[in-house]
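Given chain F, put chain S in place with the hints provided.
Sequence order for the protein chains is F and S. Note that the first sequence covers residues 1 to 432 in this note's numbering. Note that the second sequence covers residues 1 to 432 in this note's numbering.
Keep in mind that the hints were calculated from the coordinates and are not lab data. One should not assume that every hint holds.
Each pair may be met inside one copy or between any two copies, as identical chains are not told apart.
Said to hold, decoys possible - Here are the simulated lysine to aspartate or glutamate pairs, DMTMM-like style, with alpha carbons at most 20 angstroms apart:
1) K361 / E109
2) K2 / D250
3) K57 / D30
4) K292 / D418
5) K151 / D241
6) K380 / E391
7) K123 / E300
8) K2 / E248
9) K175 / E127
10) K265 / E161
11) K2 / D251
12) K385 / D241
13) K175 / E236
14) K385 / E300
15) K265 / D116
16) K151 / E161
Protein chains: 2
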Amino acid sequence: MKRTHHCNELRPAHIGQTAILSGWVHSRRDLGGLIFIDVRDREGRTQTVFDPSDLSKETFDRAAALRSECVVAITGRVRRRPPGTINPKITTGEIEVAATDLEVLNMAEVLPFPVDDPEVASKVNEEMRLQYRYLDLRRPEMARNIRLRSKVATATRVFMEEQGFLEVETPILFKSTPEGAREFLVPNRRDPGTFYALPQSPQQFKQILMVGGVERYYQLARCFRDEDQRADRQLEFTQIDIEMSFIERDDIYLLIEELLRRIWKVALGIDIVTPFTRLSFAEALDRYGSDKPDMRFGMELADFTEEFRSSAFKVFSGAVANGGVVKALNAKGVAGATQGQIETMTEHARSFGAKGLAYIKVENGEWKSPIVRFFSEAEKAALTKKLAIEEGDLILFAAEQWLTACEILGKIRLYCADVLKAQGKLRIDPKR
Amino acid sequence: MKRTHHCNELRPAHIGQTAILSGWVHSRRDLGGLIFIDVRDREGRTQTVFDPSDLSKETFDRAAALRSECVVAITGRVRRRPPGTINPKITTGEIEVAATDLEVLNMAEVLPFPVDDPEVASKVNEEMRLQYRYLDLRRPEMARNIRLRSKVATATRVFMEEQGFLEVETPILFKSTPEGAREFLVPNRRDPGTFYALPQSPQQFKQILMVGGVERYYQLARCFRDEDQRADRQLEFTQIDIEMSFIERDDIYLLIEELLRRIWKVALGIDIVTPFTRLSFAEALDRYGSDKPDMRFGMELADFTEEFRSSAFKVFSGAVANGGVVKALNAKGVAGATQGQIETMTEHARSFGAKGLAYIKVENGEWKSPIVRFFSEAEKAALTKKLAIEEGDLILFAAEQWLTACEILGKIRLYCADVLKAQGKLRIDPKR
Chain F
1 MKRTHHCNEL RPAHIGQTAI LSGWVHSRRD LGGLIFIDVR DREGRTQTVF
51 DPSDLSKETF DRAAALRSEC VVAITGRVRR RPPGTINPKI TTGEIEVAAT
101 DLEVLNMAEV LPFPVDDPEV ASKVNEEMRL QYRYLDLRRP EMARNIRLRS
151 KVATATRVFM EEQGFLEVET PILFKSTPEG AREFLVPNRR DPGTFYALPQ
201 SPQQFKQILM VGGVERYYQL ARCFRDEDQR ADRQLEFTQI DIEMSFIERD
251 DIYLLIEELL RRIWKVALGI DIVTPFTRLS FAEALDRYGS DKPDMRFGME
301 LADFTEEFRS SAFKVFSGAV ANGGVVKALN AKGVAGATQG QIETMTEHAR
351 SFGAKGLAYI KVENGEWKSP IVRFFSEAEK AALTKKLAIE EGDLILFAAE
401 QWLTACEILG KIRLYCADVL KAQGKLRIDP KR
Chain S
1 MKRTHHCNEL RPAHIGQTAI LSGWVHSRRD LGGLIFIDVR DREGRTQTVF
51 DPSDLSKETF DRAAALRSEC VVAITGRVRR RPPGTINPKI TTGEIEVAAT
101 DLEVLNMAEV LPFPVDDPEV ASKVNEEMRL QYRYLDLRRP EMARNIRLRS
151 KVATATRVFM EEQGFLEVET PILFKSTPEG AREFLVPNRR DPGTFYALPQ
201 SPQQFKQILM VGGVERYYQL ARCFRDEDQR ADRQLEFTQI DIEMSFIERD
251 DIYLLIEELL RRIWKVALGI DIVTPFTRLS FAEALDRYGS DKPDMRFGME
301 LADFTEEFRS SAFKVFSGAV ANGGVVKALN AKGVAGATQG QIETMTEHAR
351 SFGAKGLAYI KVENGEWKSP IVRFFSEAEK AALTKKLAIE EGDLILFAAE
401 QWLTACEILG KIRLYCADVL KAQGKLRIDP KR
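Looking at chain F on its own, in the form it has when it is part of the complex (with noise of 0.2 angstroms):
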């Protein structure tokens, strides 16, 4: 047997008894003539000790030449941590294994860089944490994230199969379909010239599967899309996929919403409360910019299409009369945004066809801008009872055609949010 008992189970209660663990050298360090070895495998880890008096010579030598990330078979006897020794910060640090015996499974090479220090380890660069990758994946970080990622897929599969959901396997060598994305293809080689297609998601068989009658279908689908790989983009990425028939929209709202509910409480122990909020595309759109709203902080877009319906400022008054709206944005706490930081939000401002970006910067008691001097004493009192204007305040506007006017200030709210995270400023709702 190559293990009794797996590194984070040892307890007082298991005193008196031998156990036989097996993984890595966390660290090894020799004290007093004894030489004290932590196992680490995937669920914690155990310090062993090895004592010359209790062992051969040949096994405490084999002890002595063990170096972090070695691998290892250790049995031994369980005991209580002599007083002033136990480690409250690890689960089995009441306890020890007096080791009686030391099968070295495989030596390690010296590291390139540590896997027991995530200090140390988050510094190391990413091109060296993918070449070492069978290292890199035994941080604690990495292997929580792959713990967490099979509990959701379990937990999404038992919910769906308890609503009644049949998982269907669909085919990955496809033929080629009309959707959005360039597409990977496969020379067919039974009939040169031909080309099988990886799909960009399982749309035409889960509609094939509804009118053959499964009514019910899901399925964690892998999706291939040959795009230039941004942030949020990668050549392949699993969906969870679900088709149902017979059904009003708020049944599929009410599904996702358990479905969420039971991801959140099964994987990470979280209450979230239902129904979620809803918005209207269009409300979405008007309020944050966006149709898929970061709704944990406030600065919400505020409308002022009447206030400059008439105004002598013409770049506004002249949107409107051309069937646009002017619509703002107070950036909280964003005066002090550097000529670079304005420069890429009026780059944002044009990525959607505007002429440039008009802004007012609140400092000093002062609106700092080129274009207060055009505004009525009424206009200026409806932005500053509209947005709530105070001190140190970047009033950002787009005054052009509605849905242009949401996306300008939806990308520079979320820009000027980044602006005031890297400042630790951004005041974050975590029940949001």
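Here is chain S on its own, set in the frame of chain F:
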């Protein structure tokens, strides 16, 4: 709401309630001025009745226009069927739904083949079934397969998670690996002239995961092999992929036995007995000529090396002198094999390098064979005894190196079993 109950749900306890059923028109019968529509969904079917005295002419006329496989939502009152019309063959057979409203969700074209008649459907050719896949999937046999597959997958995952395994998804777009089969290649647009390969199995990934400390990994993994298609091969398939660290051989045997026990129990309600019979590779080959022997019937291979070591029949004694063996198989009741069948068996022997196939037909109390005249009485007695030769048997020989002899007779054993199966004469032990 599109439905209040599914079509296998209504019972006498629901009598008097209003129900909405959604699904497919399984059948329509016009009897005595009434229209009877059986509505079918994934769960079952329920009879509805359209009575012109209860309905607007317009609704009744729409019901009259329905044909098989139209998609409908029918509202009505649940009532007991009149005496003498109860249908004990379906679980909803005691009630019917007196329709008050009909929504036609979609009309069906005339069907290329019926989906409600297993007899007829089993005779439809496969190309037609694949062309109308969405109809084929509605047949109860197909629906059962899809449901079973889903249940097996979920049972597998729940069991593996209980056993401490983490499901880890591994990439599909990978680099070429030197495994057995031909790989599918995917041209890489970003770096012309280079390719991804689709994985033949997640072999490398799971090894990295073990080295990375995951310890217990599983995945229902998609694998790809660009092979010519045969009976038990296809281009992509899914395997239950498992890897464990720190174990002995029996740990994996135990795991797989318990997994299969769970699957049979959850998916089919069948208790299978563990531990399974264990055969060494040598014994499996020696007795059945296969490393995946079908043990549900006998016809085991027998060894006659010693008996023929000094035989006057030089083909046998020569093979033994050359380090080979003489093995024989009694295909019970196959003496009537046609010349074509004997030729097929001879081809099987030749495909392993044999020069021909020696055999004896036991018919009318005679051993019909060109080789029997070379056998001594002792040799004949040994054959009769060890193979329990009777009237109607076909005895087949292989005098080759051990592995070749086993493989030849293993293949012929299965062929003879197929011959007997086609005649309805193979006795299969369902408990094995």
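List, from low to high, the hint numbers that the structure doesn't satisfy.
Of the numbered hints given earlier, those the structure breaks are 1, 7, 12, 15, listed in rising order.
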